[in-house]
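Asks: Chains as they are written, first to last, in our numbering: chain A, 1 to 624; chain B, 1001 to 1465; chain C, 2001 to 2435; chain D, 3001 to 3323.
Be a bit skeptical, because a hint or two may be false.
As the list claims (entries may be wrong) - Derived lysine-lysine pairs resembling DSSO-like cross-links, with alpha carbons at most 30 Å apart:
#1 A:K457 <-> A:K483
#2 A:K327 <-> C:K2429
#3 A:K302 <-> C:K2429
#4 C:K2429 <-> A:K310
#5 B:K1396 <-> C:K2181
#6 A:K363 <-> C:K2429
#7 A:K605 <-> A:K112
Claimed, not checked - If you want the footprint, here are the derived chain D segments under chain B, 3+ residues with CB under 8 Å:
#8 3242 to 3250
#9 3292 to 3300
As the list claims (entries may be wrong) - Interface residues of chain C toward chain A, partial, derived using beta-carbon atoms under 8 Å:
#10 L2007
#11 S2010
#12 W2431
Please keep in mind that the hints were generated in silico from the structure rather than gathered at the bench.
Even glycine gets a Cβ: it sits at the ideal position worked out from N, Cα and C.
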Amino acid sequence: MTATVERVDSSGAASSVKTVASRVRDWAESDPQGTAMREKDFGIWQEYGWSKLWDEIVTAGHGLLALGVDVGDVVSIHSEDRPEWVILDLATVAIRGITTGLYPTNPMAEVKYLLNDSGARVHFAEDQEQVDKVLEAEPDAFPTVTSILFVEPRGLRSYGDDRLMFWDDFMEMGRDHRKANPGAVEALMAAAEPDDVITLVYTSGTTGPPKGAMLNNKNATFAIDKIVMAEGRTRDGKSPHPDDQVLTYLPLCHVAERIFSTWHMVGAGVTLNFAESIETVQVNLREIQPTLFFAVPRIWEKIHATILIKLNDASRIKRVFNGIGLKLAGFIAADRTANKGNFTWKSRLAYAIGNPLMFRALKERVGLRRCRWAGTGAAAIAPEVLQFFMGFGVPVYELYGMTENSAVATLNHHGRVKVGTVGEPYSDIGLRLDEESGEIQTKHDGVFAGYWRLPEKTAETMTDDGWLKTGDVGVWVEDTHIKIVDRIKHIIITSGGKNISPSEIENSLKTSPYIKEAMVIGEGRKYLTALIGIELDTVGMWALRQSIPYTTYRDLSEKPEVIQMVQRLVDETNAKFARVEQIKKFRMIPKELDHEDGELTATQKVKRGAMFEMFEDLVEDLYR
Amino acid sequence: MKVSRKLLVLLFVLGLIAAACGGDDTAETTTAAPSDDGGTTETTAAMDDGDTTETTAAPSDDGGEDMAPPVVDVGIDLDAGTIKIGMLSDLTGAFGPLVTPIVAGHEAYWASVNANGGINGLQVELVIRDTVYDVTNHVTLYEELKDQVVAIGHSTGSPHTLAINEDLQSDGILAIPLTWYSGWTDPDINANLLPHGTPYCIEAMNMIEYITDVAKETGIANPTLAIASFPGDYGLDSMAGAKLAAEALGIEIVHDGSGTIIPGQDQLPVADAITGSGADLVWITANATFFGEVYGGAIASGFEALWSGAGPNWSPALLDSPLADALQRDYYGTFYLSPWGSDSEGMQELMAIMGDAPPTDFYGEGFVEAKIMHEALLKAYELGDMTQAGVTAAAKSLEGIDFGGMAPSETYVGEPNDIVQRESMVFRPDAALRAAGGTGTLMIEAAYTSPTAASFVFEGACFEL
Amino acid sequence: MRGRPHLYVSYESEQSLLPTWTQRVMVGLLVFLLVLIPLQGGIEIGDRLYQPVGFLGDNAWLKILSRVAIFGIGALGLNILTGLAGQVSLGHAFFMGIGAYTAAVLGGEVGKAHWGLGLPIWIWLPAAGLVAALVGMLVAPTAVKVRGLYLAIVTLGLVFIGEHLFRNLTSITGGSQSGRKFPSLDFRLWKEEEPFLAFTSDGPMWPVFNWLDWLFGPWINFPAEMSEEAKTYLALAALLVVVVVLAKNLQRTRIGRAFMALRDRDIAAEVMGVPDAKTKFEAFALSSFYAGIAGALLVAFIGRAIPEQFNLLLSVQFVVIVLIGGAGTVAGTLMGSVFVFVFPRLVQDFSGWLTETVESGGVIGSIADVFVSTGLDDPGLVSTLEGVSPGLNVSQLNVVIYGLLIIGFLIFEPLGLYGIWLRVRNYWKGWPFSY
Amino acid sequence: MSLLILAQAAADSGVDKFVGAITNGLSLGAIYALLALGFVIIFKATQVISFAHGAVAALGAYLVAYFATVLNFPGGALGGPAWLQWTVSAVFAVLATAVVGLVLERVAIRPMIGEPIFSIAMVTIGLDIVIRTITNDFISTDPRPLGDPFGTNIWEAGPISMAYSEVATIIVTIVLVLAIAWFFRSRIGVAMRATAFDQEAAMAQGISVGRIFAIAWAIGAGLAAVAGIFSSVFPRASQGVSAETAFFAFRAFPAIILGGLDSVPGAVVGGFVIGLAESFAGKYMTWSGFGVGFSGIVPYLVMMLVLLVRPYGLFGTEEIRRV
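Could you build all of it, start to finish, from the sequences and the hints given here?
Replies: What follows is the structure in structure tokens.
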């Protein structure tokens, strides 16, 4: 990877490789005025046209060249989702560099690890907060980093570090470079090879330090072909097209968001709309009314909870209507679940009543009114939540994949939905279940090129016959769909020898709007227990209405009334499971879990190991 | 709190809706009586057809038996047997206290007419609108009335009446002005008006001469005069008359306070000016409230003179006030009507129809206005044309309307100078009469016309508006 | 982007007067109705009379609506000062008077005792606004110095001083309680005798309707003639529409935003670079301009007015319009003026209905009788005999209800009619949630 | 300006005219002071300018007329000389008006606490409209004389000549001003001052702010009624209370602004200054160029001049403005 490729000066050489960057150029040629991205600035959604976007990408590419970025050099991006993220990402790919993204929540120690592990040359730190994570470390902590770009100059004016460079200056430099070396970026892009690594996606690292999965042009092309352009994915059967709107709000460094934002944009020409921040997603959703919407289960759970709470909070007359609407939605959901997500005449009739009554307004308010495809993945989701949305006419299609196979594994097609499964394998890909362990294994062009600088780890993830081991245990459902049991590592084997998948139980608990976190414990124990964290907003509101005074999260968690309520919720969940799978005892988690405190990964997954360490007393208490 | 607020707002809105519906109901339930749009469309249809007479159900009344039913348009419904007369009254404005009893006089008069069979069987209804003595309201309300009444029973205020005068003429609608402005004598102006009573300026001439005579009798050879008034047509018209009279009589006006009595202000400066002039005679044109203030202020500084004032100056309440004694000594009042309780035939009739109503001199004005309208309607019926224009024409041909001695009779045929009213009635305040439950006005001279007034030739208004 | 009412991709679209199609269609319909009102009864579709707003086509209602338009224009002016800039003023009547008498001098006929230049409307109407604005600027320095209730009373003093001036400048105003004739609402080209467009006389349809006739002729029969009331109404309504657009637009401009900043936090606004004195100055000038126009229109509409017309009561009426409607909002101000002028008519109709109910007897009649006094011996809250019988007469009742409404609105619905509208709208907008 | 008038007065005419201007000004000023005092007390406690003050004054005067001349209650029941009977009835009527003030506060003002001051002022305009209309309906066609015992009697001492009623006005005003001054030293008065200073702090100190509001309105209404009485007797308005009485209070606005909205001494001083200014203007500023009725607007002119120099009146406390 560090081998230098001779730079080709003539831009005439036609490239046979379509990279994510060259696709933007194609769009800029075929639809220069079309909208590629929108960013909300001072209350207005400012638009980036294709030609402007391409122009900026080229300029940024020149800027990178001016900074001395070579083929195969790494550019790291540490920022919230914003146009510059995409521009820099694509510019790096254009000059055959490698991008890697960092979660904005990554604390300093992780930043240090990631930058050094990837050996980034240029680091893009959004604002003062992210810049500080680099500059506050010891002077020579980042030996490879030669430039630090930033776009939010506020508070950075007095910083004297030589490596710092304001984005506008960087672009100016790019323009100068472009004037001096016209066509340099295009030439590099033309020379791209299918095996060029374009990005490092670091695994979240629930166990051990993060590993950088290398994805190359071939992987990207495959993913765009399979996922983005998948046949029969949407409600109306049409593949994504330039009229589609996508709300970009999950971290772009995650492979899922990269696929559902950047790759959708370059692949199908959909418009990216950058949410202002995670807090404003609900508002931005209402404004954008995206046609394609991907969210992780946590978000769906949150929307679900908000809807339930708000419906319950409505004025009396509205509550009557809402009650009717919920009944209808429940019926529709049950009916559609039983029919692979299709309507029968009965559910269609119910929908015809419910839609003007409440569904349409509800979807409008939530921002899903125009949604023709909604997806979920990256973690397990409770079927109740999926059914809830299906009842209102927003079928959420669960799909499955992982960074290492460019997220190409299975998906639920419109009209062939099985709730509770992650769907069918994509056509013409290699996917099998390991006969012994039930582990899902894939083999196709999307399978990654390996872990960055970790050949032995790469080898560990591959079977001897070259299949990728996903680490997830699955079972076939009716020979067509796959149901994920759990991560192999998470499967609990009780002292009684029963194999139990905790995720299902946890997800069932998390369907309640009041429960944010649940961790089921029982490895080598006699019975199952759980650590449960409440959702501060909803429980706080509930407490307010019950006139229960509270001060802090911990105080609220430990209120007897709250514990009683949680007990009821646990009982409800227990009713759904077999005896051995029932939770005998639980304890409240006394704090809100946090990425920075190390209890969660950047993708908000609970780090089980860390949890056991941190809440050892509680766990021991459960088995006393 | 929040709920109750919402509830109140809701109730309020419901109330509004109810009110709105109520309004519609009126129009519907009384479709028989032409009101609002129903009436308009009907009548336009009638007009289009030419001189269609609605021959259905001619009222069988002894007076109307041998007469064919008249032609009608707006405001008269022969089927329902009703005549609607509009009233542009100031009920809550500056002259509200004055006009209210006038309207009451009207109502009582028509109630009695209706009780006695109405106008050839047609019952008279008054459509009363409050103008609040505001020209804009006046104009707007006229617009409302003109499509539902046959004539305007009275129109309060000179500028107000002038504001609708052009419309009256173009619409051919008759109105009785409730003001005694001298400008109404002009035939160009009064084409659709029935002025009545003695104009302000004639009234002033009469009284100036009267009190000059009184002063001379008491031994003041060359009495001096101080005058003060409201601004506006009423005050200034009267002041013009006073000045004409003073000139004719050769008496000096030592203080000219024309238009200085401004409502809402302190009147002591006016009183001071009068006092300071040392006049022997004072002529005030205001209303009882402000006359009281000026007069009280003047006598407080020991001023003594012969005081007199125009009709609206007087209120019986002045005799209940501390000024009673001084007023009995100083004041000569005038009006063109005989006061409440006088023994003329007309007044007796009025007192009979007013029943227990608290006494005031202004019922008489209502009575007179109503009587004129009554005559006009009868005449129009007789002529067979009770359209708005027909009533106007009929009214303009009236002669010698008799008020049973309560007011001088009115004629609308002839030269302006011949038909204008020049008589005044002179009275003095009398506490004893007041104590007996009357209005405390003792008539000392009925139908008085001064030589100045008698020989005055109108060539237009005394005071040009 | 269609179907995304909250998605603004440019400031123009976010700040546009009618951002969504629903609003555009609603406003279009409203304007259409406004035009139809005076034509009703005359318009036939097929063989059926089309009566979209029924009774409103009456001449009497047209007069009321014309007044609504005039007062709406004036109230929009006060709304700028009080609603947007937060400067409480009881002096609106004074500025209306200034406008009225400017119009009188410029457009009025020369009388024996009155000045008048007989100039056409397109001179006197703008001039009325300009002169009033000028006087507003003269007054502003005093008004800038004082705030809050002090300002209210200073402006109240202005009305009294104005009344004094109007009373005494007889050659301009015609004098107290007398008044003078004012120019009529005719559109003339220079001093021609024949008006180009006569708003104040009956006559043929305007050319614009001929055009409509040509377009819709086969389906709709437009009347050949139009009454003066209808013409006056249409002229005033058109002017109101223009003024509404201007007023609405003002809120989007720098000046408009400066006004609101001043209103919300005056010192903060100053710190942010909104000059206190200059902004108030502009607010007074703008508001007076509107008042002057409204004053000129009012007197031209009536044809005659007395100086006492421009009194405190008139000012209060404007404040009531603004507050009942909902301060700071154009729609609210319009609702306020409709309410203030239409309401008395409704009360009148209601009491008429009440009286008839009493007379007709029956259960409802006898219930109503408790409240209604029909004679001297009959106690009740409301009397049918004017004046002498116990109880308030209809006019007094009207005034009392008017007063109670002011109180009620301020206590229970401080945002005024607009607040009610907002509440209703939000109720539906929030569906199926409450927030 | 006043100096000029004085100089002119001395040179110009007799002492009588000058003394007349002073006595007239004092008695007029006393009525203004009474009205202003009511305004200020209400304003101090509740931060409200009551535009209904005039209507309440008229109502009070009407109640006096009704109690004293129609019912003769309760004075008639007590017997004794006529003046005593009247006084008892009048006091009773004033108390009745105070109760009305109490009710107004409870019904219309209390719910408005916390609303913008101008909204509350508008509520009082609404109250004015309602009370005035109803009072006028009671007054009916003719003015209502109060039946007061002052008659047209004049008290003379040297160049001074004043009606008994004017003397009474001044005496009653002085007594009431002293009483108010004493009241502000009493427990409730101190509580009221505390409330005026800071409502929340007062509440925290255990002061029932609602009660203070009610008391202030009751006192204000009572003072208005007293002013109503003296503005409806000889020589100012011998014919009694009429529809005009309610408008009298508007003339006291310049007085309160001049003195400062929240200053009790300011109200008294403002009242007398305005009264004297108006009286002197009426007597001396008679040049026709000023126009008819110029004295009526002199108070407003004086007020505006003072405000140009002192935007919070002569004695008013400057509002401390914060962002």
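Asks: Now, for every hint given, state plainly whether the structure supports it.
Replies: Checked hints:
1. A:K457 <-> A:K483: holds, 27 Å
2. A:K327 <-> C:K2429: holds, 22 Å
3. A:K302 <-> C:K2429: It holds: about 22 Å lies between the C-alpha atoms, which stays within 30 Å.
4. C:K2429 <-> A:K310: Roughly 14 Å separates the two Cα atoms, so the pair holds.
5. B:K1396 <-> C:K2181: holds, 27 Å
6. A:K363 <-> C:K2429: holds, 12 Å
7. A:K605 <-> A:K112: holds, 21 Å
8. 3242 to 3250: The restraint on the segment 3242 to 3250 of chain D holds, since 5 of its residues have a Cβ under 8 Å from chain B and three suffice.
9. 3292 to 3300: As far as the segment 3292 to 3300 of chain D goes, the hint holds, because 4 residues have Cβ atoms under 8 Å from chain B.
10. L2007: Check passed: Cβ of C:L2007 comes within 5 Å of chain A, closer than 8 Å.
11. S2010: holds, 6 Å
12. W2431: holds, 4 Å
Checked against the numbered hints above, the structure breaks none of them.
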